[in-house]
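Read top to bottom, the protein sequences are chains B, L, H and Z.
Heads up: the first sequence runs through residues 1 to 345, numbered per our numbering.
Heads up: the second sequence runs through residues 1 to 345, numbered per our numbering.
Heads up: the third sequence runs through residues 1 to 345, numbered per our numbering.
Heads up: the fourth sequence runs through residues 1 to 345, numbered per our numbering.
Possibly wrong hints are sitting among the right ones.
Same chains, same names: a pair is fine if it fits in one copy or spans any two.
[To be verified] Distance condition first, Cα-Cα at most 35 Å in a straight line; then the derived DSBU-like pairs of lysine-lysine:
(1) K275 - K194
(2) K194 - K70
(3) K129 - K194
Calculated from the structure, these hints are not laboratory results.
Protein chains: 4
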Amino acid sequence: MAGKLRTAVLGATGYSGMELVRLLGRHPRVEEPLVLRRATENSEAAAPLSTMASSGQSQSVPFSWDALQKHAVELLFLATPHELSRELAPEARARGMRVVDLSGAWRLKDADHRRVYGFKDANAEAAAKLDADAVYGLPELNAEEITGAGLVANPGCYATSVILALAPLVSARVVDREHGIVSDSKSGVSGAGKEPTARTHFVSVADNFSAYSVFGHRHTGEILEQLGMESSELIFTPHLLPIPRGILSTIYVYLNDDMRAEQVESCFREFYHSKQWVRVFPSPNLPQIQDSVHTNFCDIGLTLDTDGRRLILVSCLDNLLKGAAGQAVQNMNLMYGWDEGEGLH
Amino acid sequence: MAGKLRTAVLGATGYSGMELVRLLGRHPRVEEPLVLRRATENSEAAAPLSTMASSGQSQSVPFSWDALQKHAVELLFLATPHELSRELAPEARARGMRVVDLSGAWRLKDADHRRVYGFKDANAEAAAKLDADAVYGLPELNAEEITGAGLVANPGCYATSVILALAPLVSARVVDREHGIVSDSKSGVSGAGKEPTARTHFVSVADNFSAYSVFGHRHTGEILEQLGMESSELIFTPHLLPIPRGILSTIYVYLNDDMRAEQVESCFREFYHSKQWVRVFPSPNLPQIQDSVHTNFCDIGLTLDTDGRRLILVSCLDNLLKGAAGQAVQNMNLMYGWDEGEGLH
Amino acid sequence: MAGKLRTAVLGATGYSGMELVRLLGRHPRVEEPLVLRRATENSEAAAPLSTMASSGQSQSVPFSWDALQKHAVELLFLATPHELSRELAPEARARGMRVVDLSGAWRLKDADHRRVYGFKDANAEAAAKLDADAVYGLPELNAEEITGAGLVANPGCYATSVILALAPLVSARVVDREHGIVSDSKSGVSGAGKEPTARTHFVSVADNFSAYSVFGHRHTGEILEQLGMESSELIFTPHLLPIPRGILSTIYVYLNDDMRAEQVESCFREFYHSKQWVRVFPSPNLPQIQDSVHTNFCDIGLTLDTDGRRLILVSCLDNLLKGAAGQAVQNMNLMYGWDEGEGLH
Amino acid sequence: MAGKLRTAVLGATGYSGMELVRLLGRHPRVEEPLVLRRATENSEAAAPLSTMASSGQSQSVPFSWDALQKHAVELLFLATPHELSRELAPEARARGMRVVDLSGAWRLKDADHRRVYGFKDANAEAAAKLDADAVYGLPELNAEEITGAGLVANPGCYATSVILALAPLVSARVVDREHGIVSDSKSGVSGAGKEPTARTHFVSVADNFSAYSVFGHRHTGEILEQLGMESSELIFTPHLLPIPRGILSTIYVYLNDDMRAEQVESCFREFYHSKQWVRVFPSPNLPQIQDSVHTNFCDIGLTLDTDGRRLILVSCLDNLLKGAAGQAVQNMNLMYGWDEGEGLH
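Take the sequences, apply the hints, and build the full model.
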């Protein structure tokens, strides 16, 4: 095992954390990850759904800085609530570890956008420094910064689906941003977390569909910052789908000038030319959630109205893979100079 | 049974037709409906899903004009494909029956809008006359015309959800129509009909979600005509939900001037003041599909952005009831001067 | 409203309680029920899923004996945990109210069977007396006792599906009980209650299926007592289905002697001759869950092997109606001498 | 690519065929498989659900013996209807290819059991010879015969789940076979095939559950033959689950003599000691469908009644992997002397 990267995962009982441990466990350049358990994660939650005879599953140990040091962990994955990530990331950096954080703790540069989280940092100075240093870990946009980053803020699942669909057009300045963009996004239930609540009860979700966090979802700030847009230029509305996993965003855009569908498609093909984890569909074909679930792909399709101005984009991904754990591994691959596809096929 | 209305249903093997027969069967002012079978409806399809011992279900007879005459049918419900409705409705009218048609055959006044259906009328003159006479059967908008109508064109399920959400605002001229309205609509699978296809196979639908008929769904024309809007003022995008029944439309509107949420809500409350089948939710609460499924209600909620201009409407209904069979019964109630709620609670 | 029965429901925030309030609210012989709230039912839980504008839904009041007295409640429905039912039922009886209890508190006569619940009665004497007085509220078996009962113990949902399928054959002594009967039963998730748990989380249930409480489910005692059978004569295994509601039991029986399917079917038809809420399917047709959901029917079908000895019974019902609230109303109808179908169609 | 096995798949548009092409495409010892198309498979069916831009998916060619010869195919997988497998397998053998057939065409040795398929062989002699030569491809039971086989009959999905659960006990002669074994089995919808039918329509399956093929399912013969049992010793009842994939069998067994759970569990552990694709759960834990879906494992658990005689076995697998394509690859691994796990992790 000499030469393999030593990683640890804190928060492995959540859906993203479980996927992450699974992905790291079969990654060819990584040692079996150290799985850490928070004090609040009781043994029941830490156990798999059914106790198997011959489980090869990683055994977890209680979290401590000593445990991390003892295992000489080089890269720490935090799949923890954002409050805990705010607390642990500065210390981990101070101790020389690189960090990939899957929460919303370090994604936002703009203090106004951060306000929605209500962070209460014990050490405000250290937090401010890390806010500045943290790199938004969307590999298709920020590969270079990720390569050298000490702390990578893994993007939100919704944000990934929206940013990847809009970046090529916004970057090419063909979008009428002043007109306003609408992203009507829909997510499976694992996006709402593993905590049992009235909202995630099977009987509440099955045979149902609903909008939530209208005009106020936390991922909005990420989208605006990464695309360099103003709040007035975007409406982002999440909905809860009665499926376990997957996100589909239907995005409504007005173009500045008349275009042909091939031109729009070319814009995407050029932008994602060398990016292995984005698949552009030939217009007017649109992706479905089944296409990308259980993969690390973000699938993007587009249909242009006959008027040449009104454009509909559809973007799909698996919220636990390209929207969380898969993207975290993709970021790790960049951080250590490996191919972005390592361990993700 | 003297004095009760004599009705017939053609197309009772489809989902809407089945619901209609069920509703008519328990309507206090209607005789047990005559259920007619088309030649192409084989006996297997005509049978209920499982053959019950003591089924009180209406027995079907082959369709013929003689059968209708023999039973002295006064009101004929057509739950047939639109081609067949184009063929049968003129004859039924000529024979003195009133007709409620659940297909798209008679909903559109504008020949351009009708083109998407590709009607091929044997008797073009009779069809043109009926195109002019037909009344669009949305009771909350057209109650008076429905009361006297010979042919009522029962609205599309999607169209009902969108029109009812927009009519109060468009009527009050508070919507910035030029900016463009987006309706991102989602429907359960029964809306796609009972025909087994690759698209309606359980394995294609479950754990999936997809957009379809982008920039081209047939219900678009209905929405535009009823709201008096231009094609450039609306984008309507249907999606397929992995649930059996229910529609939710998320509608994005820019207002002409800043408003307060209470003002927008008042606009709805006044418009639907005496309408028993529309429920307006107190802003910012939004309806969910579970609220309206298995009822004849259309539920409408709204959330206004803090900017006072960007408005999100959510409209829910059961596509087989308020979106089809329930609305057909509501239309019948109006046509015969009964309370709109008769037989629908 | 003079002359209508005055009822109250305690526990209206659970699934069965909600259905019960709905059924009583439209029952022609019952006043709008008084809805009582336990101290532990917080206001959020007491509210409907989404707060509606014009909700006609019954408002709840805190539970107290005074409230019951003030409203002159004649019949009290307890949709409460069994511990609470053990506590409240004796007091309610002492105060002169009749009681229908939907929990497992009063269903079992045999102290051995009761042991699985671990009742801790403050007043053991009163409890013992009521244990003796309580009538098992399965109307198809115990109509006469129910009519005069002070306390009706509404049966378990699984137990109802199994007992109704076996009673005609056990009663006719055609079953080889010594050989052993197997009931492989499957229930939708509402049967597991409204409490959000890891087990009822959408992601745990969807795309899944599992057995539980093997050789130890609480409903086993009810089945044995009502059929007069020994523990060694029955294996009852519950499973969790990824659907909101409905139960299907597949029951395996060996007959004492060779029979023809018509003979077995006749046995059922005679037994349920005058019973409106049991539908016997013509052999070899078998019911499906969709047939009985949203109705108060228990559907029963049977297929006999060509050997004339091995018999498979399939029994379906809606666990919240015939398996809970519907049956409670059916019991009320019997208690007050009304038709068993009142308010249930 | 020299040295890798050359394979072909006929029937790649079905669910099992698609999985098989996917598995072979990433198998380290196999060349990209040749995908063959039958005349009746139209191009639409042959296309993936949505047409992707950069699909690396194998292109299919029309089936012909010449195409097979031209590509020097050594191993032919038939994922075809059994009638076609009866026709093609003898010819493929005559041409020197080895064959793995996924249909029911060659699984049964007993002519009585075969009768349910109603085979009509053009060349009865060749068919009879192959009936004798074919090896039932259940690797955990028949590894040695599979290694040398020319034609491997890949087992039925239900049969695999039942046989693997019973084989250790039947082999150890601890089962009271005369008493009769009941297997109550439940399968996801992909087991019913990709053909759109009234039965596989989303609206028929969702929120539903049903038994089918009672006392007459085709997999019964396989189970009896592999376990050396008589028809009177087994009742096997399939049910349709509202999930895309996965099988769970609940199996009821009476033991000849009292045993302790550890003894029964030991019986399983010894039998599957060196078998990597069967996981035995520690009693009384039972597997769930989610545990084995998307893997090639068959998971088995057991709970013994306190009487020491009545035993419940639960067996789970993915019907498209261990129940079809995965097992076909496992068989290929054995046929060519590779580790049984190659290409299946």
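If the cut is 35 Å between Cα atoms, do K129 and K194 qualify within a copy, between copies, both or neither? Cα proximity of K129 and K194: one copy only (32 Å, versus 46 Å across).
How do K194 and K70 come out at 35 Å by Cα distance, when the copy is not named: within, between, both, or neither? Classified as within; 30 Å inside a copy, 45 Å across copies.
For K275 and K194, with the copy left unspecified, which applies at a CA distance of at most 35 Å: within, between, both, or neither? both (31 Å within a copy, 34 Å between copies)
Of the numbered hints listed earlier, not one is contradicted by the structure.
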